[in-house]
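Student: The chain contents come next:
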Amino acid sequence: MTQPKPYGMVAEFEDADSLLAAARAARASGYRRVEAYSPYPIRELDEVIPSWDLLSPMVFASGVAGGFIGFYMQYFIAAIVYPTNTRGMPLNSWPAFTVITFEMVVLFSVCAVFFAALLFEGLPQLYHPLFRIPTFKRVSDDGFFLCIEARDGRFEPAQAARFLQSLDPLKVWEVDSE
Amino acid sequence: MRVHERQRETARPLRAGEEGQAAVVAPGVTFKNLTGQITAIPLQPHVPAFWIACFGAATVALCVMAAAIAILLDVGVGTMGNNIPVAWAFPIANYVWWIEIAVGGSLLSSILHLFNQSWRNSINRLAEGVTLSGIACAGLFPLLHLGRVWIFYWTLPYPNTLTIQPQFRSPLVWDVFGIFTYALASILFWYLDMIPDLASMRDRATARLPYLVYGILALGWRGASRHWRIHEKAGILLAGLLTPLVFTVHTVVSFDFAIALVPGWHSTIFPPYFVDGAILAGISMVTMMAIALRAKFDLKNIITERHLNNLAKVMLTTSVILCYIYVFEPFTSWYSGDPYEMYTVHNRAAGPFAWTYWAFVLLGLGGPQLLWWSRNRTNPKRLFLIAFLVVVGMWEERYMLMVTSLGRDFMPSAWANYAATAEDNALLYGSIGLFLTVFFFLWRTLPMISIYEVRQLLPLSKPGGGTVK
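Line order of the protein sequences matches chains A and B. Each residue of the first sequence is one higher than the last, beginning at 1 in the working numbering. Each residue of the second sequence is one higher than the last, beginning at 1 in the working numbering.
Pairs of lysine-lysine, BS3-like flavour, derived with a Cα cap of 25 angstroms:
#1 A:Lys137 with A:Lys171
#2 B:Lys32 with A:Lys171
#3 A:Lys137 with B:Lys32
#4 B:Lys381 with B:Lys300
Partner residues aside, some chain B positions facing chain A, computed with beta carbon under 7 angstroms:
#5 Lys32
#6 Pro157
#7 Phe168
#8 Thr181
#9 Leu192
#10 Gly220
#11 Arg222
#12 Ala224
#13 His227
#14 Trp228
#15 Tyr452
Derived from the structure by calculation, the hints contain no laboratory data. Think of the CB as a built atom: it goes at the ideal place given N, C-alpha and C, for glycine as much as any other residue.
So here's chain B without its partners, still in its complex pose:
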């Protein structure tokens, strides 16, 4: 069968159990129009109004954050609502929330890569964009929470005249190493994976400046069979390294809590509970971004209903696991016989911050249950709304975890209430601006759909003539 005949074919035929589902790539996509469609997003001189609106709003929020950081550095951490006993509130809740969102993107790019899930090819670059933007926000909050940001390097082991060194038995130090490794590994994986697509950008750039920039970034990629073999091998190795890294990074974040003796935190269920919640929140954010961008940039032939359906199923599965954990939390605290643990459960559900608990239960646990209905999984508007509710709900959960456990721990005389200040809110909403600024900047400047991986989904790419094994 010759090329022009095969190009008329749809993507691969459905496997057993997939009848009635949309294809991974819509019919009619060829090499030529695929490359043109994706490279046009950064290369087209005309900037879509949707992008300008989103990027503009995001940069305004980013300016708010910059102002809030300036005030924080000028005045000190007293401008935030944190105080003893609630020393961790908004900054750490934001930090955990952003790390969760980043982790969800890594799931698509590394874990599903190892499982050879070809549907992820269309959205893994986008998910990695979410990861990088999320890490940018997450990395900022522990620094701001330090107060004296300019001496953050005191947390690192280096020879110094004070002869003081980090305390390696503390999970907070583990976290420094974990987040640093995770950020660097994510950036290297993302860039290495993008080199063939940067070559596509280089070869289609007509203006001099984009040609030079993409040419340098593509490092002279020629698509030689040797290049591809090493590229694929490196991809598998990196995915294999990132998979345990992703799990340990969020496990270490949960150790920040679980290794403390505070009631409601000191629990062995925390690592799986945090990782599962992270996948739920992260996949929800990826889903929101995928839905918005496929509609506004006309990518419905590459990000199909099948992707939305699969993302929704991941959300549903992780939310069911989270429900199990939330059912068992009261049981384990009752079974422990510890009055402080039992009081914390009561305090969460009926104390002054009960609204955060019930907001999470309603949005984070209840919201995804709507995905049991298949029309909610494939209708982009409904799925976007549900994913949004989950992302909000997961923030409520992290906030609830901070304020209920720290505010009322052991001695009632040491209890205190917590109230967020304008500074806290400015930093939270500003960080959303930072996230969207980074994400939309990447979207407009780099190929945010993996072109060479989608090419491999086309029937044309199968040697032996369009037939599929």
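Same shape as in the complex, but just chain A:
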């Protein structure tokens, strides 16, 4: 039987202030693969634990694509495939096409927000090693957790545990990755 690979060292804290202080201390002492878990968004954490996403450019690109598709669908049908004389309007009566063009911009953008958000959140991921922590259920209620992940280059279980213990947590767990 081989020793399971560790996922990381996790500490539970009493409140958001302690979590924030602990995250700052972990980053200051050189850990890079650090993640904080909380029951509501803590804006200050975004500066401490930087992360990136492409939500805005993806949404913008989808909106532009939706606009082009929306307009040219109408142009293609009303001017080329099925031309009709409506109230003497020109075949490319673009002002009448603006409404559906706009609706398609919004439709494509909204779908892009939805799928891009899930993509960059890494969801759906129904199982995660942290769910094995007995009190991790509290993260959706009143629990605050900080995890130093094993993929951090500086990670060494005993040292990480000592470091987390020094931050006055409620409890510290070692979590295996499988």
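For chain A, the structure is supplied; the task is to place chain B on it using the hints.
Tutor: This is chain B only, laid out in the frame that chain A set:
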């Protein structure tokens, strides 16, 4: 300051101008009892009698609607009172009315989100529930009005052997795209926003089946700081996209009327007039639901007098704008010099359907004026009654708009009267059953108060120790 000390504090202190108002969250609410209180509504094995009574009555009405739809499909649109010239009557009035109710919910969830109005946190999920239920009803009526529902897809652009395509210069086609986009966007926004609360449900479910269902729906949400940052960003982006969408959807509904040449419809004031009426009707419906549910599910600590007061103020403001529009309607038709426009105004106020006009003026315009008195804004029973009158009044208005303009348009020889049939009434009351069935089903199965957003209103959630900026 440590946790237990801060938990005794009330919610945030009042800002200037708020003295004497109730807080957004009542004192004594903590993370623990908040999560417990909201998740218990779907998770508790005991079903409250109030819910059973409402859901039961709603499903009975829904059965009436199902029977009415079966008759409609079997016999054809002739069972409804619609005929030429009044080709749009109950079905389209119902459609516009339900879309209005849906739009009011979107106002709370997206527009007030952009304005950073934190009081909406407690009721925005409930408002979105009203939106989804309203869209379900609204989407049904244009389909039923088509007559041959099973070939509704002929309205969509797709390659077909008839080589016939939609007419993109018609507002009716714009409406198809508008409503479809609005329905899909509302569902995606509602679900994405609910994922953190579904995780709360998953973590508190004790039985196996709820644990599995909520676990799958929560997609494995862990509340990581990365999750939250993207969640917040997506929320702002969606609110920013839904805000113009909500306005255009109801503007396009008004184009269905305004682009026609029918007197009383052909007016540039229609888009703002429809959007404003929609906010009035929708907020009234949200208010009714919020009042009923806070009383029966003991949510007075989360939906406080402050919310009722603010909702009432939105109702009052939009009703004043509507009064302005109704004062200017006779003026613009007189100023146009068009005899048909002038006759339509006369016909509305003194014709065979004058009762619908005056019912609207009394209920829809007069009712909200009672909200100038602050005790009517904060007394739940009175506010419920006023909101009910407004919702009824707004239906009268849409009905009046159909029958007066279409029944007597240009040539008197082409005029005709209109009478609704039992089928029309069954569909209207049945759709109320559909609305309540969907709404109460959502209420009993999903967290219909946004838990994570209310958490952010608690002083405990402010880093730096319970003090408020």
